[in-house]
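Chemist: Modelling step: build the complete structure from the supplied sequences, incorporating the hints.
Note that the protein sequences, when read in sequence, are chains A and B.
Per this note's numbering, the very first residue in the first sequence carries number 53; after that it's consecutive.
Per this note's numbering, the very first residue in the second sequence carries number 584; after that it's consecutive.
Be aware that a few hints might be false.
Listed below are the simulated DSS-like cross-link pairs for lysine-lysine, each with C-alpha atoms no more than 27 Å apart in a straight line [what the hints assert, rightly or not]:
#1 A:Lys371 to A:Lys320
#2 A:Lys320 to B:Lys680
#3 B:Lys711 to A:Lys371
So the derived list for chain A, only partly shown, Cβ under 10 Å to chain B, looks like this [claimed, not checked]:
#4 Pro179
#5 Leu196
#6 Gly201
#7 Asn213
#8 Glu304
#9 Asn340
#10 Pro349
#11 Cys355
#12 Val356
#13 Leu358
Keep in mind that the hints were calculated from the coordinates and are not lab data.
The structure displayed is predicted, hence computed values, not measured ones.
We put the beta carbon where it would ideally sit given N, CA and C, even for glycine.
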Amino acid sequence: MTDQIVHAALTAPAAALLRRIPGVTFILVGMIVVFAIGNPRFLSAVNFTNIGLQSSLLLMLALPMTLIILTAGLDLSVGALLGLCGVVIAELLVAGWGLPASVAAAMLVGLVAGAVNGVLVGYLGLPAFVVTLGTMGLCEGLSLVITNGDPIGGFTPALENFYRSTVFAVPTPVLVAALVYGLLSLLLYRTRFGNYVFAIGGNKDALHLAGINANLVHTGVYLLCSLTVALSALLLLGRTNSAHPSVAVGMEFEAIAAVVLGGTSFEKGQGWLFGTVLGVLAISVLRNGLNVLSVEPSLQVVCVGLLLITALLIDRNRKQASQNGA
Amino acid sequence: MTTMDSPAPVIRRPQQLAPGTVAVVVRLGLIACIAVLLSSLSPTFATTDNLLNILRQASLLFLVASGLTLVIIAGGLDLSIGANLTLCACLSAAAIKATSQPTAGIAVALGCGVLVGLTNGVLINRVKIPPFLATFGMLWVAQGIAYWFMAGQVVYGFSPAFRFFGSGFWLGVPVPIWVMLVTGACGVIFLSRTTIGREVYLMGANEAAAVLSGIPVARRRTLLYMVSGLMAGLAALIYVARLNAAEPGIGEPLLLPAIAAVLVGGTSLFGGSGGLFRTLLGATILTLIVNALNLLNVSATWHPFVTGAIVVLAVLADAAVNRGARR
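Modeler: Laid out in structure tokens, this is it:
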């Protein structure tokens with residue numbers, strides 16, 4: 053099946069490739085041109101590093117979210133889970149646990165959250181958006197209980213040093229995100245598991261009838277997402293150098309927006325992992341440009357929403373145009 | 584649009600409300616159990632004052648959840664109600680302060696609520712964004728506008744005439760309870776006695792059948808999201824009048840309890856069944872649970888966790904109940 057996809061991609065005419073490029077690409081290019089003209093420093097190396105750093109954490113959430121949306125699901129709990137894992141790691145570091153033990157504990161939290169989401173959605177067939185909304189409440193509530201609403205600081209500077217470090221002038225978090233992209237794209241496009249992920253979005257019953265444990269694959273997608281989120285908490289702690297229960301609230305919206313911007317649809321398992329990278333870049337560039345214009349963070353969220361609507365409108369019109377042309 | 588060569592299948596009009604008597608009795612029993620437990624825990628529980636207080640809290644939750652109930656019965660979801668309430672509250676409070684006219688605030692709150700609902704409807708019908716995504720995006724957009732608009736300020740101190748809506752009494756009963764009873768009665772009559780109300784059930788149970796039987800589904804859906812926004816605006820007014828203040832953090836914590844109230848009441852997430860009286864029972868149960876936590880000296884930081892757990896359990900119960908009927 054993978055060979056067929058590769059074969060189709062190689063022989064597809066250029067027009068088909070063009071059609072695959074999500075509408076957000078045009079907005080992204082437009083934004084880069086406008087920001088570059090408006091502000092010469094936009095094209096500086098320092099600013100590219102900033103955009104890269106900003107993108108890396110969002111990518112860590114948006115890439116596994118792509119797999120979930122490919123299965124026609126959704127995970128609203130990633131922001132709250134990220135906050136909870138950050139709180140867990142920070143609390144344990146302050147309590148004197150080592151870094152490996154603290155991270156292991158956060159992974160355990162991620163495992164439990166992913167298992168709850170996965171079993172309820174995969175095995176019991178419950179609607180993902182309400183199940184994950186419930187786990188979002190659970191995670192937010194737990195971090196509130198653990199911290200009593202106060203931020204935690206004063207743990208090891210190693211995390212911040214890691215976040216600020218570079219390898220051959222490339223920030224380490226960007227490399228981490230690139231590694232996650234590489235692994236997930238191998239998993240999605242080169243393994244049976246990846247084929248099953250696409251198939252669940254298309255027709256889960258058919259997969260089931262083909263004798264494949266579709267429920268297990270479905271659960272695995274949610275586990276994968278939650279575990280990646282738990283690891284991303286290290287980047288979050290490195291960036292803010294403190295843990296706060298509500299610091300990551302709302303990141304699930306940007307992650308979902310990035311996936312949808314990238315052209316992955318909630319229907320029929322249609323999507324493209326690299327599209328998500330484009331979506332993340334579009335959001336980061338937009339935020340970067342708005343920061344330069346000193347637009348308030350609360351209004352930046354509104355702009356991300358407008359970006360999403362515009363991109364979806366472009367995609368809808370192109371789809372209609374291509375259908376009319378065909 | 585599908586064209587049909589074969590003669591159209593006979594589509595039955597939606598029948599009477601699904602026999603939900605058992606569900607209602609179970610919930611009434613649950614309320615009675617919690618009430619007995621609470622009155623044994625605390626002598627002040629069974630006083631008229633405390634009961635009215637609980638009902639007043641439940642009425643706010645009911646108002647937010649009532650519009651959501653209609654949307655969920657029709658097979659949709661509105662995640663923007665909490666943020667919509669925030670936006671309506673902030674804008675209307677500012678309008679009252681600017682004009683010193685309560686009517687201006689009322690107009691702004693209801694207008695803003697309906698406008699947000701209309702936008703949801705357009706995003707879902709025209710831009711073809713799935714309901715949960717469209718309203719989830721609207722959550723952040725409305726919240727962002729509210730935070731930007733308030734710029735860290737809190738608007739407080741309103742005239743007694745306006746505060747009457749939130750903290751006044753009429754015939755010895757708090758005004759919010761009257762509002763709940765009137766809107767609830769209107770909603771129940773709308774759902775069970777009007778054609779459009781019956782169409783809401785059909786849309787949720789079988790959308791394709793609704794389209795085939797000539798129901799303008801897109802327009803009906805927009806109408807329901809507008810009603811949901813209107814209820815958020817109404818709740819915002821009562822909330823502001825009760826708190827005597829408005830700030831951008833007030834609405835968002837209401838989203839999960841509202842969804843919990845709908846689900847605990849027994850309206851199915853899968854659409855096509857449920858009702859407003861059930862949501863009223865659900866809101867009462869949820870308020871009683873919070874009251875119980877307070878009486879048991881559980882810290883308020885636990886409330887979001889408990890609400891989240893209730894949502895997960897209610898979804899599980901909903902699936903268990905509906906599985907038998909569906910498969």
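Chemist: Report the numbers of all earlier hints that the structure fails to satisfy, in ascending order.
Modeler: 2, 7 and 9
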